[in-house]
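So the protein lines, in turn, are chains B and F. Going by the numbering used here, the first sequence opens with residue 1, and the numbers climb by one from there. Going by the numbering used here, the second sequence opens with residue 1, and the numbers climb by one from there.
Don't read these hints as lab results, they were simulated from the structure. Treat each hint with caution, since some may be false.
Which copy? The list can't say, so a pair holds if one copy fits it or any two copies do.
[Stated by the list, open to error] Pairs of lysine to any residue, SDA-like flavour, derived with a Cα cap of 25 Å:
(1) 10 with 69
(2) 10 with 50
(3) 10 with 62
(4) 269 with 245
(5) 335 with 369
(6) 386 with 178
(7) 356 with 179
(8) 356 with 411
(9) 393 with 421
(10) 356 with 250
(11) 63 with 8
(12) 63 with 75
(13) 415 with 177
(14) 10 with 408
(15) 10 with 81
(16) 335 with 54
(17) 269 with 228
(18) 393 with 100
(19) 363 with 253
(20) 269 with 421
(21) 63 with 73
(22) 233 with 218
2 protein chains.
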Amino acid sequence: MSLIQPRTLKGFRDYLPEAMMPREWIIDTARRVYRSYGFKPIDTPALEYLEILTGKGSDETDKQLYRFEDHGGRMVGMRFDLTVPLARFVAQHQQELGLPFKRYHVATVWRGENTQAGRYREFMQCDFDTIGVTELTADIEMVLVLSDLFTQLGIDKLTIRVNHRAVLNGMLEKLGLADRSAAVLRALDKFSKIKEQGVVEELQRTAQATASQSEQLLALAILEGTNDQILSKLGELVRGNATGECGVAELSDLNQAALAAGVPASRLKLDPSIARGLDYYTGIVVETQLEELPDFGSVASGGRYDNLASLYTNQMLPGVGAALGLDRLLGALEKLGRLPNVQSPAPVFLCMFDPKHRNDYLKLAAQLRAVGLGVEVYPEPKKLGKQLQYADKQGFRAALIIGDAEFTAGQCQVKDLQTANSTNVPYDGADAAAIAAELRRLLAE
Amino acid sequence: MSLIQPRTLKGFRDYLPEAMMPREWIIDTARRVYRSYGFKPIDTPALEYLEILTGKGSDETDKQLYRFEDHGGRMVGMRFDLTVPLARFVAQHQQELGLPFKRYHVATVWRGENTQAGRYREFMQCDFDTIGVTELTADIEMVLVLSDLFTQLGIDKLTIRVNHRAVLNGMLEKLGLADRSAAVLRALDKFSKIKEQGVVEELQRTAQATASQSEQLLALAILEGTNDQILSKLGELVRGNATGECGVAELSDLNQAALAAGVPASRLKLDPSIARGLDYYTGIVVETQLEELPDFGSVASGGRYDNLASLYTNQMLPGVGAALGLDRLLGALEKLGRLPNVQSPAPVFLCMFDPKHRNDYLKLAAQLRAVGLGVEVYPEPKKLGKQLQYADKQGFRAALIIGDAEFTAGQCQVKDLQTANSTNVPYDGADAAAIAAELRRLLAE
Numbered sequence: 001m002s003l004i005q006p007r008t009l010k011g012f013r014d015y016l017p018e019a020m021m022p023r024e025w026i027i028d029t030a031r032r033v034y035r036s037y038g039f040k041p042i043d044t045p046a047l048e049y050l051e052i053l054t055g056k057g058s059d060e061t062d063k064q065l066y067r068f069e070d071h072g073g074r075m076v077g078m079r080f081d082l083t084v085p086l087a088r089f090v091a092q093h094q095q096e097l098g099l100p101f102k103r104y105h106v107a108t109v110w111r112g113e114n115t116q117a118g119r120y121r122e123f124m125q126c127d128f129d130t131i132g133v134t135e136l137t138a139d140i141e142m143v144l145v146l147s148d149l150f151t152q153l154g155i156d157k158l159t160i161r162v163n164h165r166a167v168l169n170g171m172l173e174k175l176g177l178a179d180r181s182a183a184v185l186r187a188l189d190k191f192s193k194i195k196e197q198g199v200v201e202e203l204q205r206t207a208q209a210t211a212s213q214s215e216q217l218l219a220l221a222i223l224e225g226t227n228d229q230i231l232s233k234l235g236e237l238v239r240g241n242a243t244g245e246c247g248v249a250e251l252s253d254l255n256q257a258a259l260a261a262g263v264p265a266s267r268l269k270l271d272p273s274i275a276r277g278l279d280y281y282t283g284i285v286v287e288t289q290l291e292e293l294p295d296f297g298s299v300a301s302g303g304r305y306d307n308l309a310s311l312y313t314n315q316m317l318p319g320v321g322a323a324l325g326l327d328r329l330l331g332a333l334e335k336l337g338r339l340p341n342v343q344s345p346a347p348v349f350l351c352m353f354d355p356k357h358r359n360d361y362l363k364l365a366a367q368l369r370a371v372g373l374g375v376e377v378y379p380e381p382k383k384l385g386k387q388l389q390y391a392d393k394q395g396f397r398a399a400l401i402i403g404d405a406e407f408t409a410g411q412c413q414v415k416d417l418q419t420a421n422s423t424n425v426p427y428d429g430a431d432a433a434a435i436a437a438e439l440r441r442l443l444a445e
Numbered sequence: 001m002s003l004i005q006p007r008t009l010k011g012f013r014d015y016l017p018e019a020m021m022p023r024e025w026i027i028d029t030a031r032r033v034y035r036s037y038g039f040k041p042i043d044t045p046a047l048e049y050l051e052i053l054t055g056k057g058s059d060e061t062d063k064q065l066y067r068f069e070d071h072g073g074r075m076v077g078m079r080f081d082l083t084v085p086l087a088r089f090v091a092q093h094q095q096e097l098g099l100p101f102k103r104y105h106v107a108t109v110w111r112g113e114n115t116q117a118g119r120y121r122e123f124m125q126c127d128f129d130t131i132g133v134t135e136l137t138a139d140i141e142m143v144l145v146l147s148d149l150f151t152q153l154g155i156d157k158l159t160i161r162v163n164h165r166a167v168l169n170g171m172l173e174k175l176g177l178a179d180r181s182a183a184v185l186r187a188l189d190k191f192s193k194i195k196e197q198g199v200v201e202e203l204q205r206t207a208q209a210t211a212s213q214s215e216q217l218l219a220l221a222i223l224e225g226t227n228d229q230i231l232s233k234l235g236e237l238v239r240g241n242a243t244g245e246c247g248v249a250e251l252s253d254l255n256q257a258a259l260a261a262g263v264p265a266s267r268l269k270l271d272p273s274i275a276r277g278l279d280y281y282t283g284i285v286v287e288t289q290l291e292e293l294p295d296f297g298s299v300a301s302g303g304r305y306d307n308l309a310s311l312y313t314n315q316m317l318p319g320v321g322a323a324l325g326l327d328r329l330l331g332a333l334e335k336l337g338r339l340p341n342v343q344s345p346a347p348v349f350l351c352m353f354d355p356k357h358r359n360d361y362l363k364l365a366a367q368l369r370a371v372g373l374g375v376e377v378y379p380e381p382k383k384l385g386k387q388l389q390y391a392d393k394q395g396f397r398a399a400l401i402i403g404d405a406e407f408t409a410g411q412c413q414v415k416d417l418q419t420a421n422s423t424n425v426p427y428d429g430a431d432a433a434a435i436a437a438e439l440r441r442l443l444a445e
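With the rest of the complex left out, here is chain B (with noise of 0.2 Å):
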């Protein structure tokens, strides 16, 4: 019979130990970070309703999903985001769920689209959402779990990118251009490629602006400055008009709190010029971004909306959160060099010479793990050498060596595999508390 290829889809991939132990690492530190804070976990289907999965998303993720005919003959499509499935799942279970309801999500999702540039067609996001609440606290808070999630990572240079629409949007009411902001948006978001002429020509042309407002508009979208210089300077740009000013108190409220809650000054930046989805966000929107991979894009984002399921239920359902992109922050702190180095989930080996001691080794194993110390047993009784060599290419930390004869004299070699050190400890078979004790020590080094 002819062997079948062993192979992964294209823009799919294996995770192998070494890059699956920082993401369990990243996704445990996102889980504690998020039920700190009283988020709760959900899990939705892989699968939906084709019509739930189309009914929001745009032409572009329409194409991109991965859609057929079940067994039923019923249309259904693979989940894109975790955002949809939210809207859903709020919308189903509103009676149970109660409100607010605060829920995190770490779940996979699925794009068939083009695979250049390192990105996959699978992907796992690690989203929290806290529905059913219209008070700044809530988007405030968004701000303080992304601050202590990338602390607990020991990511520190990291800005938060924070703006308000409402900011834009007063502008526009101002300016009487309120009908056109999907075309100033789109204009304004050319600007690393046109650059100042090029956007202020494309505001007139696309938006029907005039010269006046076009430069106006692309003064606000530019402001540079402290986080004190850029609310002095909005707070004139829209002075007058009521959403502008509500916007920019928002922003001035926010900046407060996430200092008086401890987040470092320098970590939080107000800039007008991120924007985040045309017509989903509504009102507080942030990125973050690693100093020091100024080009990687927004490992975490998110914002305010005011109805996250009008496409299931009558009842607003207001909301603010953020997803992580979990593989793209994953790339970034192996490119940092920033991930930690844990090799092996266990950290001690522990080598098999004589057969006739299985069951003593399985015993010393066992011991062990029952006061908290993880501990591999190589299965087979190979030569020293070669056991020692596989525990190094695993990481281990430490190395138990211990053969009939230390079995008859009552001790165990304890060996640091770092600095190849050996220690001598008494082990009697009933009682494994000194090796435990000298372990303990090693690995606290």
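Got chain B sorted already, so can you dock chain F onto it with the hints?
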């Protein structure tokens, strides 16, 4: 615009927080136990080339496979278990992985099967396997992992049923029926339905066994007694046949090793009636039964196989491992009332009275999180009764009550939400140590 009905597909389900929190607890527990033995995490794509998935599967799994043509015209399928992806994975990456290779994999699988009797089309598995080892140590370890896992899950009344495929094979060789093992297994499998006389008749009809042969096969399959009695009886039945004798010897070694490593004697039961898979398993096979739910079926099963990846590589890859049926186990623990009563991921609830103190609330919460105490801040200054009603429904353990007067007086009320008792604790804004101490005292109760 008319609303889209928010609903999940037939055979699929949402996990609300009260179901998801215990599910995360089981997954965390399984991962911790697997890791403590040196098993490492991997992940593979949900989608595979169809030929990878249909290569090994039975007609049954082929029929249940979710399959479709992707955007690039490739025929793809959604994984239906974690074993076929493991085989493909090891064949593809064997150079990088090295042997022995110990992995665990916690992931979702999909089967478009009939959904009667509480079975779902999407469920999670938690597999662990050791690849590249023929030594019995790996088989023993599988039993130790399962025993530890259930202990950690708080399940004491558990029977791990163990058999060895070589015992029946040896018996068949001895009787000259080695070429009829499939028919014999099918007949023995019907024991609970058609009883002794039915099995004896079926063995004669479908496996062309004589009456005497049929009686001997049946005698082997329904052996009862202590493990020592069973080993002794099996020894007699297969005496003179090397295959059978080897199987009995391994069962004996495994039994002794498990006892030496601390598995309670009552937990391990040699059971010649279990078979698990006509072709796949070749040595030790294992099932687990919850004594309080005997009809619930096995919640974790596994065994030894000779050659994991014969479809994808010529290298022989023997292995041994087991799969934990996560959702089935979750159902069982729920039925037994054995799920931990963790309703809120953060134990502390902070009431919000006075919007002008919002920053003070956020600061206090941050101070407590910094010392490891999860705190949910109610986001809106609603009436205290309404906030406490929410706290009660969400299952918080403690509430902090601090309004304008308390901020001025420099104190905070810590309320036990189970007893409704309150304690006043000093809090000057700079240091939340006294509140943290009181909360720790209360949470430890």
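Against the structure, the hints:
1. 10 with 69: Both ways: residue 10 and residue 69 sit 22 Å apart in one copy and 14 Å across, limit 25 Å.
2. 10 with 50: both (24 Å within a copy, 13 Å between copies)
3. 10 with 62: So residue 10 and residue 62 pass the 25 Å test inside a copy (20 Å) and across (23 Å) alike.
4. 269 with 245: This pair counts as within: shortest intra-copy Cα distance 19 Å, inter-copy 74 Å.
5. 335 with 369: neither (35 Å within a copy, 30 Å between copies)
6. 386 with 178: neither (73 Å within a copy, 39 Å between copies)
7. 356 with 179: Close neither inside one copy (83 Å) nor across copies (36 Å); limit 25 Å.
8. 356 with 411: Answer is within: at 17 Å inside a copy they meet the 25 Å cutoff, but 66 Å across does not.
9. 393 with 421: within (18 Å within a copy, 56 Å between copies)
10. 356 with 250: Between copies only: 14 Å across, 72 Å inside.
11. 63 with 8: both (22 Å within a copy, 22 Å between copies)
12. 63 with 75: both (15 Å within a copy, 18 Å between copies)
13. 415 with 177: Classified as neither: same-chain Cα gap 73 Å, cross-chain 53 Å, threshold 25 Å.
14. 10 with 408: neither (57 Å within a copy, 63 Å between copies)
15. 10 with 81: both (20 Å within a copy, 21 Å between copies)
16. 335 with 54: neither (36 Å within a copy, 38 Å between copies)
17. 269 with 228: Within one copy, since 10 Å is at most 25 Å while 72 Å is not.
18. 393 with 100: So residue 393 and residue 100 pass the 25 Å test across copies only (12 Å; inside, 49 Å).
19. 363 with 253: between (60 Å within a copy, 14 Å between copies)
20. 269 with 421: Neither: 50 Å inside a chain and 44 Å across chains, both beyond 25 Å.
21. 63 with 73: both (21 Å within a copy, 14 Å between copies)
22. 233 with 218: For residue 233 and residue 218, the Cα distance is within 25 Å only inside one copy (13 Å; across copies 89 Å).
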